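Asks: Those protein sequence lines, which keep their order, are chains A and B.
Using the working numbering, the first residue of the first sequence is number 1, and each one after it goes up by one.
Using the working numbering, the first residue of the second sequence is number 1, and each one after it goes up by one.
Heads up, some of the hints might be wrong.
Same chains, same names: a pair is fine if it fits in one copy or spans any two.
What the hints assert, rightly or not - Cut-off 30 Å, straight-line C-alpha distance, at most; resulting in silico cross-link-like pairs (DSS-like, lysine-lysine):
| no. | residue 1 | residue 2 |
| --- | --- | --- |
| 1 | 301 | 49 |
| 2 | 272 | 61 |
| 3 | 25 | 284 |
| 4 | 254 | 227 |
| 5 | 143 | 307 |
| 6 | 49 | 272 |
| 7 | 25 | 227 |
| 8 | 229 | 25 |
| 9 | 284 | 143 |
| 10 | 25 | 61 |
| 11 | 190 | 272 |
| 12 | 229 | 301 |
| 13 | 301 | 254 |
| 14 | 61 | 94 |
| 15 | 272 | 169 |
| 16 | 272 | 143 |
| 17 | 61 | 284 |
| 18 | 94 | 284 |
| 19 | 94 | 65 |
| 20 | 254 | 169 |
| 21 | 25 | 143 |
FYI, nobody ran anything at the bench for these hints, they're computed from the structure.
Fair warning: this is a prediction, and the values are worked out from it, not measured in the lab.
Number of protein chains: 2
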Amino acid sequence: MCSAGTEKNEERYVHATNPHLEYMKEDFLYHFNLGTATHDLPAMFGDVKFVCVGGSPWRMKEFIKYIAGELGLVSPDGEYPNLCEETDRYAMYKIGPVLSVSHGIGVPSMSVMMHELIKLLQYAQCSDIIVVRLGTSGGIGLKPGTVVVTKQAVDTMFRPQFEQRILGKPVVRGTELDADLADELLECGKEHSEFETIIGNTMCTMDFYEGQARLDGAFCSYTEEDKQKYLDSAYTTGVRNIEMESTVFAAMCKLSNIRAAVLCVTVLDRLKGDQVTIPRDVFKRFEQRPQNLMGNYIKKKLLSYQKM
Amino acid sequence: MCSAGTEKNEERYVHATNPHLEYMKEDFLYHFNLGTATHDLPAMFGDVKFVCVGGSPWRMKEFIKYIAGELGLVSPDGEYPNLCEETDRYAMYKIGPVLSVSHGIGVPSMSVMMHELIKLLQYAQCSDIIVVRLGTSGGIGLKPGTVVVTKQAVDTMFRPQFEQRILGKPVVRGTELDADLADELLECGKEHSEFETIIGNTMCTMDFYEGQARLDGAFCSYTEEDKQKYLDSAYTTGVRNIEMESTVFAAMCKLSNIRAAVLCVTVLDRLKGDQVTIPRDVFKRFEQRPQNLMGNYIKKKLLSYQKM
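Next up, chain A with everything else stripped away, as it sits in the complex (with noise of 0.2 Å):
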């Protein structure tokens, strides 16, 4: 049986550090459509222990169909409402301490959303929180379908930093994640026989394209060889898999003090192609790879406190 980890007495906050926070009379969450003056956040989200995150809604609603399943939770009207209602920029679903949330596609529509995420913890009051990504990657030399626990995000040169422009300047940031909760999930992961979990670095791109050496976007201006040669190097320096969230996310979870982990499938091996050409019911089994490891390691961590 997979650990959950050790516990410790004192409760971790979450953390927003924006000063000029204090001072405002309100706050509308615009992409979320949730506000402190319309909603009352700590009654809708102060019991929330687990944050899953992704990039697709519909995979998203999936989960909390799926968590509410496994934790006995399930909907007696078998819906799961939208909670970021009129709005289609990110979706949103909430079962028990379990709140599921879409990111979009790429680092500037997750940076979004965890700014509000981030805000929206902390006005309900959040403490002891995990925030997961569950994704899609590009693996390298990995037999398609193998779970990648994140050990560090890296950028484009395998740092393991996230650049951004804050107001005009760069401004690197560290995208350390939490090194225990990887270990758990690794070893929730390794419970699942019909697929293979590891832990590597997972190398994020601006781009699905050219971004990440594809030889088959709208424009390429390298050669089969130069490609080859990049993904090697990656390899060489620990990344087994690439996607397109990762470091921007992990950045934003240690500012403001959120254990978190990055738990993506790969879909291809990069190293043999850069088409997705995997039948949809294959595809569709990948994808829930991720969000079964994840709904294992809830239940293990639901049941260690109901322990304590």
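Use these hints to put chain B onto chain A, whose structure you have.
Replies: Leaving out everything else, chain B in the frame of chain A:
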């Protein structure tokens, strides 16, 4: 009556410059769930002349319904099917010569969509295409509700360029848009008496909060004075609005020989605040303005084709 521009006799084709495409037996456009082996792309899309792209899938569906009405092409069953079946990454709708596609939030999300759109238009052998981004934005020194036709798409240092990483190395691309098209759209906008249309530079950022000098994100390491100075500098260089996709959109259209424009309505004046607090009904009226302007343009353009 606004002009529909000068026609040239030679057809202008979309050009995905990637030399590797020629050697691919088939191409599966993963995020659209459309492919050259599974779909007859010339039959489905060969007649497209106007492509409108925007962040929200819902808004792009509303746009196709609106255009259908304007062009007298209303679907008999009132249904406008999403052509990107079984995926919720992007949504795509078509009526007559108009294609409407969502691109999500931010540069990477736009970039992935554009790679696949450019290839799709090339495979469909489309010619004389116009692609316009219809969006919302924060204004600088403008009355909320103003529509801005982008003159230059600039980065956070106010330069008309887009920098991306390819094989880990920086590559800088120009972001020139079609000046004639911008003028034609500006002229069309002036026919709408219920809102103002202006031309100005559009700044594209990688984040909605810190990236746009907001004081209400989860993090903020600068003062209100720093913010004001930065926005003032932007204004001085000609920036009139801020959004999150224009530079990569402009760069990719330019590279593929597509005439392109950006039309965004402003939903607040950033010199006066950070929060988007206009009532929902006002917001909905504002977000229709770029669509109405574009509808006006498409009608004029189609009329001018008939007269030729």
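Asks: Given identical chains, is residue 61 near residue 94, meaning Cα to Cα at most 30 Å, within a copy, between copies, both, or neither?
Replies: Answer is both: 9 Å inside a copy and 27 Å across each meet the 30 Å cutoff.
Asks: Under a CA distance limit of 30 Å, which applies to residue 254 and residue 169: within one copy, between copies, both, or neither?
Replies: both (21 Å within a copy, 27 Å between copies)
Asks: When no copy is named, should residue 143 and residue 307 be tagged within, between, both, or neither for a Cα gap of at most 30 Å?
Replies: neither (38 Å within a copy, 59 Å between copies)
Asks: At 30 Å max between alpha carbons, let me know whether residue 49 reaches residue 272 within a copy, between copies, both or neither.
Replies: For residue 49 and residue 272, neither the intra-copy (39 Å) nor the inter-copy (37 Å) Cα distance is at most 30 Å.
Asks: When no copy is specified for residue 229 and residue 25, does a C-alpha distance of 30 Å or less occur within a copy, between copies, both, or neither?
Replies: Between copies, since 24 Å is at most 30 Å while 54 Å is not.
Asks: Using 30 Å as the alpha carbon limit, work out where residue 25 and residue 284 are close: within a copy, between copies, both or neither.
Replies: Classified as between; 25 Å across copies, 45 Å inside a copy.
Asks: Is it within a copy, between copies, both, or neither that the alpha carbon of residue 301 lies no farther than 30 Å from that of residue 49?
Replies: within (10 Å within a copy, 55 Å between copies)
Asks: Between the shortest in-copy and the shortest cross-copy C-alpha distance, which are at most 30 Å for residue 301 and residue 254: within, between, both, or neither?
Replies: For residue 301 and residue 254, the Cα distance is within 30 Å only inside one copy (21 Å; across copies 52 Å).
Asks: Checking an output row: residue 190 and residue 272, CA cutoff 30 Å. Within, between, both or neither?
Replies: This pair counts as within: shortest intra-copy Cα distance 26 Å, inter-copy 54 Å.
Asks: Given identical chains, is residue 25 near residue 61, meaning Cα to Cα at most 30 Å, within a copy, between copies, both, or neither?
Replies: Neither: 33 Å inside a copy, 36 Å across copies.
Asks: Treating 30 Å as the Cα threshold, decide for residue 254 and residue 227: within, between, both or neither.
Replies: between (32 Å within a copy, 25 Å between copies)
Asks: Check residue 272 against residue 143 for me: Cα-Cα at most 30 Å, and say if that holds within a copy, between copies, both or neither.
Replies: within (10 Å within a copy, 54 Å between copies)
In this structure, the hints that do not hold are numbers 2, 5, 6, 10 and 12, in rising order.
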